[in-house]
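Same order as they appear, the protein sequences are chains A and B. The numbers in this note's numbering rise by one with no breaks, and the one at position 105 of the first sequence is 105. For this note's numbering, add 1000 to where a residue sits in the second sequence, where the first one is 1.
Rather than coming from a laboratory, the hints here were simulated on the basis of the structure. Heads up, some of the hints might be wrong.
Stated by the list, open to error - Here are the simulated EDC-like cross-link-like pairs (lysine to aspartate or glutamate), alpha carbons at most 16 Å apart as the crow flies: (1) B:K1261 <-> B:E1246; (2) A:K98 <-> B:E1246; (3) A:K98 <-> A:E115; (4) A:K116 <-> B:E1249; (5) A:K15 <-> A:E106; (6) A:K116 <-> A:E67; (7) A:K116 <-> B:E1246; (8) A:K94 <-> A:D70; (9) A:K98 <-> A:E86; (10) B:K1261 <-> B:D1284; (11) A:K15 <-> B:E1094; (12) A:K59 <-> A:D34; (13) A:K15 <-> B:D1106; (14) A:K15 <-> A:E31; (15) A:K94 <-> A:E115; (16) A:K98 <-> A:D48; (17) A:K59 <-> A:D36; (18) A:K59 <-> B:E1136.
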Amino acid sequence: MARVLVVDDAAFMRKVLTDALVAGGHEVVGEAGDGDAALAAYQDLQPDLVTLDITMPRKDGLATLRELVDIDPTARVVICSALGQETKVLDAIKAGAKDFVVKPFERERLLGAVEKAVA
Amino acid sequence: MSPADVATTADALMRLGASTAEAVAKSLDAICPEPVERGDVTVVPGEDSPFDGFPFEDGPAVAVSVHYVDGVTGGNVLLITARGARAIAAAMGESPAPEDDAQPTDLELSAVAEAANQMFAAAASATGVVLSQGVEIAPPDTRLLESADAAREAFDATPHAVSATFRACGEPCRLVQLVPNAFVVRMTRALDEQGSEQLSGGAGLSALGIADRVEPGEERRLDDALRDIRVRVWAELGRTRVSLGEAPELPPGAVLELDRKADDPVDLYVNGLRFASGRLVLTDEGEWALRLEEVAGRTAPAAGPDNEGALI
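Construct the complete structure from the given sequences, taking the supplied hints into account.
Spelled out as structure tokens, the structure:
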């Protein structure tokens, strides 16, 4: 079981991710709707893992990831991307993300990525 | 503007409109329980509004707009009835479509915005392929609009617009692409570069639209210059998609289902551009060959002993 911070600007996706993670036995310790809120929540909550959307207002997922890794080089991040964002995904993996899922994703794929990242 | 310029602009807009519309339709296909009905893709004349004619009679429609943030300027608006928006939201949550006519909730609007985000990311990727560079999108903006006039006021007018109609989750849906001049220039330049790389003969020039964009004398010179260039030609059985993570993990013996039935025609590509389709046949030497049935939109007459189509 992992303590997870869910970061996505879409309330709907935060709900989908939270429902899937809780159903998979994980605890969602917090949610954030943009990069700055995510960085603040990460430092407050010290989660085991972050699910991070790429396309967000103000500070996107890639910029957030880079700052997050600066704060905590051991941060475990799973990127949530849309089809067509392969370049961003590769950049995120290079920047330190552990894995990624492409929306719309199967619940099992998300849980598999989370379990692999925290193993 | 010369007739040749007009043809080039119209061609670029249609290519942009068609590729974006198909990417959006495929994304909707993955979301909606029923296949999405494709309608027309239309270049909207400058004096007209691309939002005119949308059925606002039954109440406010949901408009989700996404603009590009890197690579190009411009944007897309997805317009759908409130009922259609709620049906898409329900499909995103794998729930049955609601039967009442209530207005969408904030969570439902967020689901539609997320659907649009996925659609337009795929569409931006398709556009990036044409432009040979990455195209990034901003987060979607969602609003309810009461009328075509309200839609016209909500979004900055651009010199060009392309409209594509669909029927998704049983409801009318319209994709409006708002296209600045700079985008058209980039698009025409990219298409011209692709055309000069991919064509090898007069038939190709005409079939792929280049002949319509150059003067007759220029066409001959271009034709002569390109005739001897050797190009890669390949046949494609079908396609599927797997994630970047899944691909290296596929074991020997895995079966990937493609998007074609066994008796569907096979597509022929010339340097990446679909050019013809036909049927796989075996030659007397036991090698695969393709008997062409349609070449650049021209269909072969019924096959017979004296006319069996070209064999490649």
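Here's how the hints hold up against the structure:
For the hint pairing B:K1261 with B:E1246, the CA-to-CA distance comes to about 24 Å; that exceeds 16 Å, so the pair is violated. Our distance criterion of 16 Å between C-alpha atoms is met by A:K98 and B:E1246, whose separation comes to about 15 Å. Straight-line distance between C-alpha atoms of A:K98 and A:E115 comes to about 11 Å, which keeps the hinted pair within the 16 Å bound. Proximity of A:K116 to B:E1249 is assessed by CA-CA distance (about 14 Å); at most 16 Å being required, the pair is judged to hold.
Distance hint between A:K15 and A:E106 is fulfilled; the C-alpha atoms sit about 15 Å from each other, no more than 16 Å. With a CA separation close to 23 Å, the supplied pair A:K116 and A:E67 exceeds the 16 Å bound. Of the pairs offered as hints, the one joining A:K116 and B:E1246 holds, with about 14 Å between alpha carbons and a cut-off of 16 Å not exceeded. At roughly 14 Å between alpha-carbon atoms, A:K94 and A:D70 fall within 16 Å of each other, so this suggested pair holds.
This hinted pair checks out: A:K98 and A:E86 have alpha carbons roughly 15 Å apart, not beyond 16 Å. Restraint check for B:K1261 and B:D1284: the C-alpha separation of about 25 Å exceeds 16 Å, so the hint is violated. For the proposed pair A:K15 and B:E1094, the alpha carbon gap of about 13 Å is at most 16 Å, so the pair holds. Of the pairs offered as hints, the one joining A:K59 and A:D34 holds, with about 7 Å between alpha carbons and a cut-off of 16 Å not exceeded.
Distance hint between A:K15 and B:D1106 is fulfilled; the C-alpha atoms sit about 12 Å from each other, no more than 16 Å. Using a Cα cut-off of 16 Å, the hinted pair A:K15 and A:E31 holds, with the two alpha carbons roughly 9 Å apart. With a C-alpha separation of about 20 Å, the suggested pairing of A:K94 with A:E115 is violated against the 16 Å cut-off. With a C-alpha separation of about 12 Å, the suggested pair A:K98 and A:D48 falls inside the 16 Å cut-off, and the hint holds.
Taken as a hint, the A:K59 and A:D36 pair is honoured in the structure, with Cα atoms around 7 Å apart against an allowance of 16 Å. Taking the CA atoms of A:K59 and B:E1136, the gap is about 14 Å. The hint holds against a cut of 16 Å.
Violation of the numbered hints given earlier is confined to hints 1, 6, 10 and 15; the remaining hints are satisfied by the structure.
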